[in-house]
Amino acid sequence: MSHPNMSTSLSAQDLLEKMQADNAIDEKDKSALAKYITQSQGKSEMPIYIRILVGVGAFFSSIFFIGFLAVVKIIDFDSAGGLIFFGLLFMTGAYFLLKMAEENDETVFHSFMTQCSFCSIAIGKVFFVAGLTTAFEKQAMIPLASLIVTLFTYNLYKMFMDRFLSSTATLLAFMAWIVSEYDIRESREILLCILFLIEMGGASYLLTSRKLSRVFTPLSYAFAFSLCAFVWLITVEENVFSPPAFIFMNVVLTVAFIGLIGWAAGGAEKLKKESLLIACGGAVILGFISSPGILLSLALLVVGYARHDRILTQGGALLLPIYLLHYYYNIDLTLAEKSAVLIFSGAVLLAGRFYLRWRQLDREVAA
Amino acid sequence: MSDKPELSLEQIPANRALVEELYGHNLINQETREYALDLLYPRSKWGLWASYFLSIIGSALILVGIIYFFAFNWSKVPIMAKFALVESTILICLACAFWRGIDRLSGKLFLLSASVLVGVFLAVFGQIYQTGADAYQLFMGWAALIFGWVLLSQFAALWIIWLTIMNLFICLYWDQAVFPSHQSEAFIFSILGVFNASFLVLREFLLYKKPSSMNWDWLGAVWVQGILFLAALIPLAIPMHQAIWESSYEGTLAAICGAVLGTIFHVLAFWVYRFKIPNMGALSTIILSLCLLGEAFFGRFVFKSIDGDGLSFFIMGVITIAMFTFAIVQLRRIHAQMEAENVPS
Chain A
304 MSHPNMSTSL
314 SAQDLLEKMQ
324 ADNAIDEKDK
334 SALAKYITQS
344 QGKSEMPIYI
354 RILVGVGAFF
364 SSIFFIGFLA
374 VVKIIDFDSA
384 GGLIFFGLLF
394 MTGAYFLLKM
404 AEENDETVFH
414 SFMTQCSFCS
424 IAIGKVFFVA
434 GLTTAFEKQA
444 MIPLASLIVT
454 LFTYNLYKMF
464 MDRFLSSTAT
474 LLAFMAWIVS
484 EYDIRESREI
494 LLCILFLIEM
504 GGASYLLTSR
514 KLSRVFTPLS
524 YAFAFSLCAF
534 VWLITVEENV
544 FSPPAFIFMN
554 VVLTVAFIGL
564 IGWAAGGAEK
574 LKKESLLIAC
584 GGAVILGFIS
594 SPGILLSLAL
604 LVVGYARHDR
614 ILTQGGALLL
624 PIYLLHYYYN
634 IDLTLAEKSA
644 VLIFSGAVLL
654 AGRFYLRWRQ
664 LDREVAA
Chain B
215 MSDKPELSLE
225 QIPANRALVE
235 ELYGHNLINQ
245 ETREYALDLL
255 YPRSKWGLWA
265 SYFLSIIGSA
275 LILVGIIYFF
285 AFNWSKVPIM
295 AKFALVESTI
305 LICLACAFWR
315 GIDRLSGKLF
325 LLSASVLVGV
335 FLAVFGQIYQ
345 TGADAYQLFM
355 GWAALIFGWV
365 LLSQFAALWI
375 IWLTIMNLFI
385 CLYWDQAVFP
395 SHQSEAFIFS
405 ILGVFNASFL
415 VLREFLLYKK
425 PSSMNWDWLG
435 AVWVQGILFL
445 AALIPLAIPM
455 HQAIWESSYE
465 GTLAAICGAV
475 LGTIFHVLAF
485 WVYRFKIPNM
495 GALSTIILSL
505 CLLGEAFFGR
515 FVFKSIDGDG
525 LSFFIMGVIT
535 IAMFTFAIVQ
545 LRRIHAQMEA
555 ENVPS
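The listed protein sequences derive, respectively, from chains A and B. Taking our numbering, I'd label the letters of the first sequence as residues 304 to 670. Taking our numbering, I'd label the letters of the second sequence as residues 215 to 559.
Fair warning: there could be bad hints in the mix.
To be verified - DSS-like mimics (lysine-lysine), calculated; alpha carbons at most 25 Å apart, straight line:
id: 1; chain 1: A; residue 1: K514; chain 2: A; residue 2: K321
id: 2; chain 1: A; residue 1: K338; chain 2: A; residue 2: K321
id: 3; chain 1: A; residue 1: K376; chain 2: B; residue 2: K518
id: 4; chain 1: A; residue 1: K333; chain 2: A; residue 2: K321
id: 5; chain 1: A; residue 1: K321; chain 2: A; residue 2: K331
id: 6; chain 1: A; residue 1: K338; chain 2: A; residue 2: K575
id: 7; chain 1: B; residue 1: K290; chain 2: A; residue 2: K641
id: 8; chain 1: B; residue 1: K296; chain 2: A; residue 2: K641
id: 9; chain 1: A; residue 1: K514; chain 2: A; residue 2: K461
Unchecked claim - Stretches of chain B that chain A covers, calculated by requiring three or more beta carbons in the stretch to come under 8 Å of a beta carbon on chain A:
id: 10; segment: 275-283
id: 11; segment: 478-486
FYI, nobody ran anything at the bench for these hints, they're computed from the structure. Backbone N, C-alpha and C fix where the C-beta goes; we use that ideal spot for every residue, glycine too.
When you get a sec, could you build the whole thing from the sequences and use the hints?
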């Protein structure tokens, strides 16, 4: 039976030789990789589906155990010290449980310990954040405590899902804190714009840096995810942002999108090429007329395609129709004008497509 | 650990999983990872990518614009002009599909546009002549009229649109023509599940058994399988959850049938995607669905039968860890076996 997804006819040997011939790796790297590939047959890491299953299991079990601890009152939930102490205790336990799991790879014990460890770290982090927030009686402590615990555990606790969830929770907590804490629109907008710039900068660096190790992949996803949540918030909750802040976000996203096109093409100097100039022109026009959500979805599609990252590509493909729908639905025009705008913008895109074809740019192989 | 004999470097196929494995263990950096994936899955044709993207989004916007126009402005347009405009647009789309050929993306998009416009035509027809027909009849007519094009199109997106129309027709028919009683109302989930599952079976049969010399590769996209699989799994899992949670459903024929069909689907899908068409994504979804059913079953049993909420929470925590651990162990074992059989993840 054939599998249509199997697209390669190269062997591992062929791949390494090609990479060495093109100086992507040297002789020493090649030997190390060849040795690893031969020795690690059948020991590849867990696919994303299994990681999600681990995450779902840990989520449910941690809720049940927190419920148990709350009901039997082993922990006084009003005592900040107690919460912080038990939080640290659970996190330490999680660390050692994971160590024990790593020593018994590929066994039932490994999976059981991993599950217990993930459950324990989730409980520990919730208690720690709750403890610090209780101690200072300030809402600002939720994102700060989350940041502290994420920074503290990121390198120690080497689980992909925990790194992603913890980083995402921290970024979302900052956003939620600004929205809920600041009633004055101007100060809220300024803080949200600063947070947006930080998230944009973080995501741009993490998603486009080619020298970073895999350790930072969950962090890069966390930045991308929180950017999506950020844009979703300001798109759906229209009273959060005023028009100038919207324009600021569109400008930042447009500049980032042009930078992304340059990065994907292989450098800023490549932007002088006709096809890339057109792409940049399109980005500027989009920046003027469209919403941040559309720009962000397109950026995710481009970065996902350039990085061979299916999660980002699928995320962008999923978000684009949603943001397009929202944009056209909310555009301040009569219904007749709206349908004309829809048809006109569709025609412009098709004209772009025919231009690519006429100039034979759709056959071009970029650098 | 798999029992397979150790292969030499020349015998080990290079694929995405291998590259991700090297990257995951920090043996190569992101740049080298992308380079290796470029070698295995060349994707540097940015112009072609942009061309497809512009075609799809541009066509979609124009179609939505036309639908919008007719949905909100028909009172201002003369009757004959409405029909003339819709029908001529359908004909133009068909002519363009014929001119471009359905083996090309542009031809397929024109055929898809014509199919969507048939729905617009039926809506306009129903409005002008005030036929008094129920909404299900519009979707029934729409699905029937475009079925021939759908058959010819060799275009997965058009099939998915047709299936969506059919699902809407079934739901509306059930509501507006069948008038189900309390005893039978849950049958709709079984009907939808079986209907969608039959197309999933057809897709797998055509793609893997290749009963004729025709090219069925257009069915091979992962998203097609994902949509069909979820469209079958979710309606068939709902009666199983209802049977567990809602006491009013206990004993009704519809609930029992739905639960039995759901169980059969889970078992059969596990068997097919484990042994016949190995697929980790589908298997993981089935296992996740079974785990959620297990959570519901044990949750109801434990919280109902054990006095003292604290103990119930503790037992449920232990059961959850045990159940998910068992599921993960089984999936990891299957994953190792699939790797030994060289099945892509």
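So, going through the hints one by one against the coordinates:
For a cut-off of 25 Å, the pair hint linking A/K514 to A/K321 stands: about 20 Å separates their Cα positions. Between A/K338 and A/K321, the direct Cα distance comes to roughly 17 Å. Compliance with the 25 Å bound is thereby established for this hinted pair. Restraint check for A/K376 and B/K518: satisfied, since their Cα atoms lie roughly 22 Å apart, inside the 25 Å limit. For the hint pairing A/K333 with A/K321, the CA-to-CA distance comes to about 10 Å; that is within 25 Å, so the pair holds.
Between A/K321 and A/K331 the alpha-carbon distance is near 15 Å, which keeps this suggested pair within the 25 Å criterion. Proximity of A/K338 to A/K575 is assessed by CA-CA distance (about 44 Å); at most 25 Å being required, the pair is judged violated. As the CA atoms of B/K290 and A/K641 are separated by approximately 16 Å, the hinted pair is consistent with the 25 Å bound. Restraint check: the Cα-Cα separation between B/K296 and A/K641 comes to about 18 Å, which is no more than 25 Å; the hinted pair holds.
Distance hint between A/K514 and A/K461 is fulfilled; the C-alpha atoms sit about 20 Å from each other, no more than 25 Å. Here's how the segment 275-283 of chain B fares: 8 of its residues keep a CB closer than 8 Å to some CB of chain A, so the rule of at least three is met and the hint holds. For a cut-off of 8 Å, the count of residues in the segment 478-486 of chain B with a CB near a CB of chain A stands at 0, and the three-residue condition is violated.
Comparing the model with each earlier hint shows violations of hints 6 and 11; every other hint is respected.
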